[in-house]
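All chains should be modelled from the sequences, with the hints used to inform the complete structure.
Each chain, written out:
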Amino acid sequence: MTDWAAIRADFPILSREMNGYPLAYLDSAATSQKPQAVLDAITDFYSTTNANVHRGAYSLADEATRMYEDARSTVARFIGAQSDEIVFTRGATSAFNTVAYGWALRHLTEDDRILLTIMEHHANIVPWQLVADLTGCSIEFVSITDTGRLDLDDFHHLLDEDVKLVGASMASNVLGTINPIAEIADAAHQVGALVIADAAQAVPHMSVNVYDTGADWICFSGHKMLGPTGIGVLWGRPEILDEMEPAEGGGEMITDVRLDGSTWAAVPHKFEAGTPPFAQAVGLKAAIDYLEAVGMDEVERREQELTEYALKSMAGVEGLTVYGPATAQDRVGAISFSLNDIHPHDLATILDQRGVAIRAGHHCARPLARSLNVPATARASLYLYNQESDIDALIGALAEAKELFSVA
Amino acid sequence: MSLEEMYREVILDHYRNPRNRDPLDHVDATAEGNNPLCGDEVTIEVGLDGDTVQAISVRGQGCSISQASASMMSKAVLGKTEKEIAEITDTFKKMMGVIETDDVVVDEERPGATLGDLEALQGVRKFPVRIKCADLAWTTLEEALNP
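Chains as they are written, first to last, in our numbering: chain A, 1 to 408; chain B, 1001 to 1147.
Quick caveat, the hints were computed from the structure, so don't treat them as lab data.
The C-beta atom is built at its ideal place from N, Cα and C for all residues, glycine as well.
Take the hints with a grain of salt, since some may be wrong.
[Claimed, not checked] Covered stretches of chain B (in silico footprint by chain A; criterion: 3 or more residues with CB under 8 Å from a CB of chain A, positions within the stretch not fixed):
no.	region
1	1005–1019
2	1038–1047
3	1053–1065
4	1120–1133
[Claimed, not checked] Listed next, the stretches of chain A that the computed footprint assigns to chain B, with coverage defined by at least 3 CB atoms under 8 Å from CB atoms of chain B:
no.	region
5	342–351
6	356–362
And the structure:
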């Protein structure tokens, strides 16, 4: 039985007050808070082991290199992969761009199509638009159902032999919807398309085995899973990573540089030009150690419990609309909503005055906002350190917002 | 400064019943403005008689502050010359702290004497992330009149 109060106490920022109220941090889909263990690991690294990796001949550099590569092994084990399939990037966005420039730009033509879902984050849309500009390929979007699920009929309808790449989020950062990625990947492979999965809202919240997803690439970021900013992960099938070209050139990614050309280092290093985020990698390893000590099944179970509590509490607020699945089944704890005619930015300001931190806006998913026919939504998102009292604070502040807006 | 002061009745009234929203038949100047970070949008159309704004249409979507500010602005500038509008805009931006000034902009003894209903937006100053919401329509109008 996990002591969730003790877990919460591991996150120093959560004992802060905000505008005179206890901080109720409900924006973990944007970035997660960090446990003391992660903060310590980063400080310890800089205090005792800092040296540039993969280049020094001295012992300190060797130690730093080992820690960096040890972080890679930890990430690999965490998602059921091999170490040399793990590319460290600057973030999930950079992981998508690595595939856009290293694969799509060199493989797609004007006869090809990319199939995305309407619920994708801009990070899984804009890189493909850049590819489309340069290659002439086209992009189509799979719509969603009234209940906020991916419209699989539409997906199968749009999928044909011209589709060379399918991009889908494993879990939506706006709707919370968990998509059936294995089914999507299976259908995509049948028409010869490759699949890139946005796992930024999945890997932090549930046990993920990359081979079970069926995807060919998976992208996620460190800072949404208790780790530091500035590091993300691209996983790819080894045979695909092998034939991909680097998206960035520079130091550290070469075997030889001559005046008439260069040769690349082996995967994954050929995708890691320049000094990699090694201190961040050490922090990410500490984050994964922390999550594994709790247990990802336990994290997922707790978040389901909190999501259910939040959805039930919100269903009791008159005038509140939830965008996305109304039950905790097959969804993560990112809950977008609106309240009467109160604009989400007004809501966020009012809630902030009660210490409740939520996100307001289009959540980097404007196509989805347009398809829902809302200019913006409010979003509360949960993680393992949240507790029922955070949700109660949200509900209380929502009542105050209604009161404030009832005067006119 | 409290939330109640920020969301004064006059602001909520302009939010729910925005003035001067009908599109103009004849448009002499127009501009669109948006805050890409939060998605507030404003479209302004102006009909001129010489250098006097004789008709204005302000449409958009966004938070109560951005839309109420746009609505109040449309009332405040209608019938004014471009020079008068530039002065009102300057005063408004100083009141909101968008333009720095040491002057006392609004006379607290005589509420409404300087900028009328627009003075209700002063409360927004205490919420720095929202000032750009209040400023959006004004910057857009400046762009329309000085293309």
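Compare the structure with the hints numbered earlier in the document and write down the numbers of the violated ones, lowest to highest. none
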